[in-house]
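J.: If you're matching them up, the sequences are chains B and L in order. This note's numbering puts the first residue of the first sequence at 2, with every later residue one more than the last. This note's numbering puts the first residue of the second sequence at -1, with every later residue one more than the last.
Calculated directly from the structure, the hints in this document are not laboratory data. Please note that the accuracy of each hint is not assured.
[What the hints assert, rightly or not] Cut-off 30 Å, straight-line C-alpha distance, at most; resulting in silico cross-link-like pairs (DSS-like, lysine-lysine): (1) K196(L) <-> K29(B); (2) K359(L) <-> K105(B); (3) K166(B) <-> K308(B); (4) K445(B) <-> K105(B); (5) K105(B) <-> K166(B); (6) K105(B) <-> K308(B); (7) K375(L) <-> K166(B).
[Stated by the list, open to error] Label-pair restraints from in silico Cβ distances: (8) D109(B) <-> F29(L): 54 to 64 Å; (9) L31(B) <-> Q60(L): 50 to 60 Å; (10) W215(B) <-> I472(L): 51 to 61 Å; (11) L31(B) <-> I472(L): 25 to 35 Å; (12) V46(L) <-> L23(B): 33 to 43 Å; (13) V46(L) <-> V20(B): 58 to 68 Å; (14) D109(B) <-> Q482(L): 26 to 36 Å; (15) G461(L) <-> D109(B): 23 to 33 Å.
Every residue gets a Cβ at the ideal spot worked out from N, C-alpha and C, and that includes glycine.
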Amino acid sequence: MDQHLLSIVLFAPLASLAVLLLIPSSNKTLIKVWANLSSFAAFMISLPLAARFDKSAPGFQMVERVDWIPSLGVKYLIGIDGISLLLVMLTTVMGFLAILSSWKAIDDRVKEYYAMFLLLQTGMIGVFISLDFFLFYVFWELVLVPMYFIIGVWGGPRKLYAAIKFFLYTLAGSVLMLLGILTLYYRYHSQFGTYTFEIAELMKLDLPLGLQQWVFWAFFIGFAIKVPMFPFHTWLPDAHVEAPTAGSVILAAVLLKMGTYGFIRFSLPLVPKASVNVTIVQVLAVLSIIGIIYGALVSLMQQDWKKLIAYSSVSHLGFCTLGIFSMNPNGIAGSVIQQINHGISTGMLFLIIGVVYERRHTREISEYGGLAHVMPKFAIVFAIAMLSSAGLPLLNGFVGEFTILQGAFEANRAWAAFAVAGVILGAAYLLWLYQRTMLGQITKSANLHLPDLSLREMAVFLPLIAWAIWIGVYPKPYFDLLEKPVAQIVERVRPGYYQGGAAINAGAAQPSSTAGAQ
Amino acid sequence: MSQFYTLTDHFVLLPAIMLALFGCAILLFDFWPRPDPRQRRGLLFFVVAGLAFAGFGLWRQQAFLNANGLTEITAFQGSLTIDRFALFFNWIFEIASLIVAIVSYAYLEIEGEHHGEYYALMLFAQCGMFFLAAGTDLVTLFIGLELMALCFYVMVGFLRGAKRSNEAALKYLLLGAFSSGFLVYGFSIMYGLAGSTKLSDIAIAIAARDPWDPMVFLAMATTAVGLLFKISAAPFHMWAPDAYEGAPTTVTAYLSVASKAASIAFLLRIFMGPLASARESWEPLLSVVAILTMTVGNLAAVTQTNLKRLLAYSSISHAGYMLLGLIAGNETGIKGIEVYILVYAFMNLGAFIVIVALRRKNIIGEDIDDLAGLMQKSPGYAVLMLIFLLSLAGIPPTAGFLGKYYIFLALIETHHYFLAVIGTLYVAVAIYYYFRIVRSMFVGQLVEQAPLTTSFGVRLALGVAGVMTLAIGIYPEPFLRMAQGSILR
Chain B
2 MDQHLLSIVL FAPLASLAVL LLIPSSNKTL IKVWANLSSF AAFMISLPLA ARFDKSAPGF
62 QMVERVDWIP SLGVKYLIGI DGISLLLVML TTVMGFLAIL SSWKAIDDRV KEYYAMFLLL
122 QTGMIGVFIS LDFFLFYVFW ELVLVPMYFI IGVWGGPRKL YAAIKFFLYT LAGSVLMLLG
182 ILTLYYRYHS QFGTYTFEIA ELMKLDLPLG LQQWVFWAFF IGFAIKVPMF PFHTWLPDAH
242 VEAPTAGSVI LAAVLLKMGT YGFIRFSLPL VPKASVNVTI VQVLAVLSII GIIYGALVSL
302 MQQDWKKLIA YSSVSHLGFC TLGIFSMNPN GIAGSVIQQI NHGISTGMLF LIIGVVYERR
362 HTREISEYGG LAHVMPKFAI VFAIAMLSSA GLPLLNGFVG EFTILQGAFE ANRAWAAFAV
422 AGVILGAAYL LWLYQRTMLG QITKSANLHL PDLSLREMAV FLPLIAWAIW IGVYPKPYFD
482 LLEKPVAQIV ERVRPGYYQG GAAINAGAAQ PSSTAGAQ
Chain L
-1 MSQFYTLTDH FVLLPAIMLA LFGCAILLFD FWPRPDPRQR RGLLFFVVAG LAFAGFGLWR
59 QQAFLNANGL TEITAFQGSL TIDRFALFFN WIFEIASLIV AIVSYAYLEI EGEHHGEYYA
119 LMLFAQCGMF FLAAGTDLVT LFIGLELMAL CFYVMVGFLR GAKRSNEAAL KYLLLGAFSS
179 GFLVYGFSIM YGLAGSTKLS DIAIAIAARD PWDPMVFLAM ATTAVGLLFK ISAAPFHMWA
239 PDAYEGAPTT VTAYLSVASK AASIAFLLRI FMGPLASARE SWEPLLSVVA ILTMTVGNLA
299 AVTQTNLKRL LAYSSISHAG YMLLGLIAGN ETGIKGIEVY ILVYAFMNLG AFIVIVALRR
359 KNIIGEDIDD LAGLMQKSPG YAVLMLIFLL SLAGIPPTAG FLGKYYIFLA LIETHHYFLA
419 VIGTLYVAVA IYYYFRIVRS MFVGQLVEQA PLTTSFGVRL ALGVAGVMTL AIGIYPEPFL
479 RMAQGSILR
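Just need the whole structure built from these sequences, with the hints factored in.
T.: Here is the structure:
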């Protein structure tokens, strides 16, 4: 039982899916009750992961290893480190809250809806805990199908367009990534004579810089589309706007993190020389900064509440990738924290849109105004979510952005300067959104008698608010969790970083000397 | 037994003899006056018995190879070779024939063209395939090819009353005869080069020459035209959409799986045998053909509204992927083709069986719109179809991914990066058209209320195809081992 805890967490949603299929689809209440209970149970099962995790130990923990396809060297190999742990916890929390938030919103084809969510849940957890590249790829692709259906069946007016766009973009990226994976796999075989997809083994490869660069770009396509980085972000606004609320929440909170996680877990350690290559780092940093500023500027211009939040995701994820490619402990740790923060705060913002959409069935910002008068509890929740997303101190967003900026500053001051502009713009579009929807007088008569948050809705928001405040006030446990894995990654891409101290700290923009010396 | 027909010859030939005998038996049985249509069930019994006896022969051969640690048994002075490669393909023919025969029983009733010849032709066609997979002599191979093709010409036109079935058959026949002409021309040059019809002799003769020798090139090019026609590679694919659309759906399924598998086996025998040393000259040619095939297949499929036509184009693109395996040509590539054809057999048969189930009395059921709302009407069929389509597109954890996996790996191992990138990008295109079907099934509004045709046979066949498509994807180890053991050496 104990040694299979991770597998249990992974397959719990799949098991509850199997039970769900046995419930007749006419019995909607039972289906909803079962889906909520089982996803809550899945969350509860994942708690011991955090409790038993030993943050002082380096490397992966709770590792399970079984041969799966021996003739290909494929193993069922799973394990977690601090980074994976945080993302798995994010997944189980958001998975439960997304299902809870759908109680009233989804009344059509309920059984299929929850079935897709449970399948999605297993896929997402699998992505974050796989230590075998083949297994990772299987989960990575497994996520696409349920998300396609969630957008395509229960989405808005242009749902089919958005769903297939999401599918095609991600798939095109991931098949190219597959070529990168196969290249490593083949090179490992020619160097060591055995076939394996194990990440730890593939890290032993010593490849020439040129090849590493090709592999890096292959991975980049796959991950950058998922994040999404500018200029691959165009699928995101469509998918977000058309997806049902819970779909948007999961998409923003967890699915996008698969891309950033991919960079941290695979790109950096597997092709370290390419990852610190000066051209690549600069290109990636510039794309991140463009993403930050462009996403924020486009958000400022939006008339659609949901689209605004969707573009803000582009901006926030820009921070995450900028942190990663600062290539120092602050940047990477900040990036992971910011991924969690983005999951919490943007998840909340999408849930907030879901609340008003359920009441008014419109997302035009101009349709609202003065909601604070009729929905005071809602106004408070929205205020907290908005401020946490904008990076107000004592809330979670601040911790992440600040640490990333620290990292970026250490790498290159210009990056930090541009990124700070993104913070300011972020505050601008969020505050302006709040002002336009919540403050002032009620301008539309339809808004006069909107009911405030129900108990169920409060139950969705409260854990997230609590989490946001926890990270904002006392982030130390999170940084402790990340310290070891981040140090390992930094040591891997920039050997001697910790010994060299300030001398090499001069910047990731000039690491070619360290890379070239090898 | 004279020395012209030894015991070994008999042993090797046994599966083909069984197939031919039972085919003839069906023809005789069909003469029996039958007052009651239910007696047609006897036809199916003959087919299953024929396949069982042929399977027994194959099983004995396999056991013989294993018991004596042999790699091959040759017969008729080297014109037939039973190696594990031949056996692997013959097992695929067996599976395909069995599944198609079971489904045909319900289908032909609905079409109102239930005749004994159909099953006899199936067995004769499989007999031809046996020679295609096991033949190592130009004459044997050619006779096998013609035996198979002639049966298919008739089967494609089996719906005598239907105009498009007739048109399809005629088109297939004319173009097929034309391509056979090319093939024979290539064969005659090969014979001229070697003075022998044995593949091994020809291999020696061609290896002694320069790969760019004009005669070698001419032999290669004309043979390639004939072979590429059979696997429906562009630019020789024109017949496929029409033949697939016009033929009875069960025949389309059989044609797309068994005939393609046999032709691939034939292609491998020729290109990895006599023409192996001329790789330098055919590799660029086939690369262009493969790219063209994937392009034509995938792009043309995007606009199709008829399911059978769409699957025809998708099957063209699959031929392109299999060609990529041959272009890579290393062990992984050949193994990849074998895995590909194995999973292709199950997933493609599955998809066609769903179309068979859509055919009801007075309802053609071949358009994408005919699937609209299938999820509400028969969720089991919709989910199975989803699995087949995901597998056809190559999304893990379905079986189709493994086929593509090997092909891409082989291309990377042999440094064909450009082809690999083209091949992967077309996966995204393929998803687009496969998901037009998915969209119709899961999002489309239910229009046609009539329930699907669900005989026991259809369900059984569909279940087998679905289970295998998932099983090979989730636990491929035994199947990969099997393919590993059956590489053409």
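J.: It remains to establish, for every hint, whether it holds in the given structure.
T.: Do the hints match the structure? See the list:
no.	hint	in the structure
1	K196(L) <-> K29(B)	violated (69 Å)
2	K359(L) <-> K105(B)	violated (42 Å)
3	K166(B) <-> K308(B)	holds (16 Å)
4	K445(B) <-> K105(B)	holds (24 Å)
5	K105(B) <-> K166(B)	holds (27 Å)
6	K105(B) <-> K308(B)	holds (23 Å)
7	K375(L) <-> K166(B)	holds (27 Å)
8	D109(B) <-> F29(L): 54 to 64 Å	holds (58 Å)
9	L31(B) <-> Q60(L): 50 to 60 Å	holds (52 Å)
10	W215(B) <-> I472(L): 51 to 61 Å	violated (31 Å)
11	L31(B) <-> I472(L): 25 to 35 Å	holds (30 Å)
12	V46(L) <-> L23(B): 33 to 43 Å	holds (35 Å)
13	V46(L) <-> V20(B): 58 to 68 Å	violated (39 Å)
14	D109(B) <-> Q482(L): 26 to 36 Å	violated (48 Å)
15	G461(L) <-> D109(B): 23 to 33 Å	holds (29 Å)
Hints 1, 2, 10, 13, 14 from the earlier list are contradicted by this structure; the remaining hints agree with it.
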